[in-house]
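Construct the entire structure; sequences and hints are all you get.
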Amino acid sequence: MELTVAAELPWRDAIPPVRRDPDETGRAMTEVSEGRAGTTRQRLIAAASRQFARRSYSMVSLDDILAEAELTKGAMYFHFPSKQALALAIIDDLSEMSRTAVTELLAHRMSGLETLVDFFYLRAVQDTQYELARAGVRLLETLDDTTAVPSTLWQSWIEFVTTLTQKAIAEGDFINQYDPEDIAKILVALWVGMRRISDPEKPELYLDNLQKALILTLPSFTDPDRIGYFTQFIKRRHTVAVKKVSAEALSPDLHTTALSAPTDP
Amino acid sequence: MVPQARSEITRQKILNAAIDLFSEVGYAAAGLGEIIDRAGMTKGALYHHFDSKEALATAVIEQGTKLTRDAFHRVCESSSPALENMIHGVFVVTNLVVTDKTARTAEQLTRGLADFNDAASQVWSGRLDAMTTQASRASTEGDLQEGLDPSAVSESILNAMLGAQLLTRTEDGDDHIKKLTRSLELLLPAIAVDTSLGYFREFLARESLRHPPGNPSTD
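Quick note, the sequences are listed as chains E and L, same order. Reminder that position 26 of the first sequence reads as 963 in the working numbering, one-by-one numbering, no gaps. Reminder that position 186 of the second sequence reads as 188 in the working numbering, one-by-one numbering, no gaps.
Quick caveat, the hints were computed from the structure, so don't treat them as lab data. Since this is a predicted model, take the numbers as computed values, not measurements. Heads up, a few of these hints could be off.
[Unchecked claim] Calculated pairs, EDC-like style, for lysine to aspartate or glutamate (alpha carbon to alpha carbon, straight line, at most 16 Å):
{"#": "1", "chain 1": "E", "residue 1": "K1010", "chain 2": "E", "residue 2": "D1000"}
{"#": "2", "chain 1": "E", "residue 1": "K1181", "chain 2": "E", "residue 2": "D1145"}
{"#": "3", "chain 1": "E", "residue 1": "K1180", "chain 2": "L", "residue 2": "E143"}
{"#": "4", "chain 1": "E", "residue 1": "K1020", "chain 2": "E", "residue 2": "E1041"}
{"#": "5", "chain 1": "E", "residue 1": "K1181", "chain 2": "L", "residue 2": "E143"}
{"#": "6", "chain 1": "E", "residue 1": "K1181", "chain 2": "L", "residue 2": "E79"}
{"#": "7", "chain 1": "E", "residue 1": "K1172", "chain 2": "L", "residue 2": "D102"}
{"#": "8", "chain 1": "L", "residue 1": "K68", "chain 2": "L", "residue 2": "D102"}
{"#": "9", "chain 1": "L", "residue 1": "K15", "chain 2": "L", "residue 2": "E36"}
Below, the structure is given as C-alpha cells:
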C-alpha cells in the first residue's frame, strides 16, 4: 500500500473561488462571529442567513431581512442591489468556508478516505453551528433554476471528492472496481440528502443519520479487510462531532448578539 | 531593493551557511570564518546580525523548531480524537526532521545545547505541554487507560520520538520511522484502553505507511 501525501491534491483546482467580491468585508462569517456588531454588510448577511435558514427563498422578503438587520433600504442597496445578490453573497461565503476547511484538512496529511470522512464531518459540524452554512445549502436548492452558481458549486464538491476517491483507490482503501466520479456523486448526494431530510434544530439526529449512512454505504466500495477500521474511524469522528455540537450551540446571529448583550452597569 | 529586505536576505544567507556547516561537522567544530566564507559575506555583515556563534545556533533552533511546532499544532487543530493527534503528530514531526535540513539541524543543536541555551531548553518543555493538552483530552475521550497521568503518557511518547532520533543515523529516514513505529507499538498497550487498542494498532500501522521512507534532503 502506497500512501502519498494529501497535500499533493490539486485542491485549488478542485474548489475554485465562486465569490465575485473579494473585498475585506466579504470574509466568511466564521471570522467575525464573536461579539461585535461588524460592518453593515456583515449585519445584512447575518440577518439574511437567519431568514433563509428558516424559510424558503420566495417566502423571505427584503423587508423581513431589513427588519431583522434593523437597517434601511438605502443601506442595503449600497451593498446589495437585490435579494438575489444577498443570497449569492451567502453562497460565496459558504464556499469560502468550505475552501478553508479543505485547506486545513489537507494540511493534516491523512489518507484519501480518512480525509473524505473528515471532510463530511467537518462540514456537518459547520452546518449545525453556522446560520450561514444552513442558509447556504438551502439557497443552493432554491437558486438552482435562476443562476448557474449552485451547479458550479455542486460540481466543485463532486470534483474534490473524486480526487479523494481516486487517492483512496490508489491507497487500496477503496476497491478498484468503480469509476471514482460515480462514487463521488453518490457520496455527495448522500451527504446533501441526509442533511435535507434531517431536522436542522436537532444536530445530534443529523449526525446520527450521517454516521449510519456512511457505515451502510462505504462497504460497497471499501476493501473488505479495511471496513472494520473505517467503521471505527467513522464512529470516533461521530463521537467527537456530537460532543462539539452539544458543547457549542448554534453561532448566534451577529447583530442580535451585539444588541441584546447586557450592558455593564 | 528595500534595505530592510536586503538585510533579511543577508541574514538568511548567513543562517543557511550555518545550517549547512552545523549539519556537516557539528556545532563544536563549526568555525565562524568558514560560515562567513560559505555565505560569501564579510565578518562585519555576520556580526551585524549575530554577535556570537551561540546567537547563530539560537536562530537556527528557533527557525527549525518553529517548523515542527507549527506542524504539530496543525495536527492538533483537527476534529480528530486526541490520541490520534498524538500519534499522527509525532510522525509528522519526525517526518519533518527526516526530510527538512533546517528542522533536522535544529534538533541536533537542541540536543547538544539543552543545558546551556535557553531556546534549546524551552523546546522540549513546549512540546511536553502541547502533548499533555492532547493526552488530557484523550483521557476525557475515554481512550487512555484509567489512572494514567497525562503528562507521564506525554513524556513516554516524546521519549520514544527522541530515542528514535538518537538511535538513527541521519541518512536513514526509513529506519527512523521504523524505530518510532516499534516503540509506539510497545507503548500502545500500556496507554490505550483495551477496547480502543485494536483500532489504534491499525491507525499506527497506517501511520508508518503514510510516511514513506524518505532520504534527507540536501538543500
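Tell me the numbers of any earlier hints that the structure contravenes, in ascending order. 4 and 7
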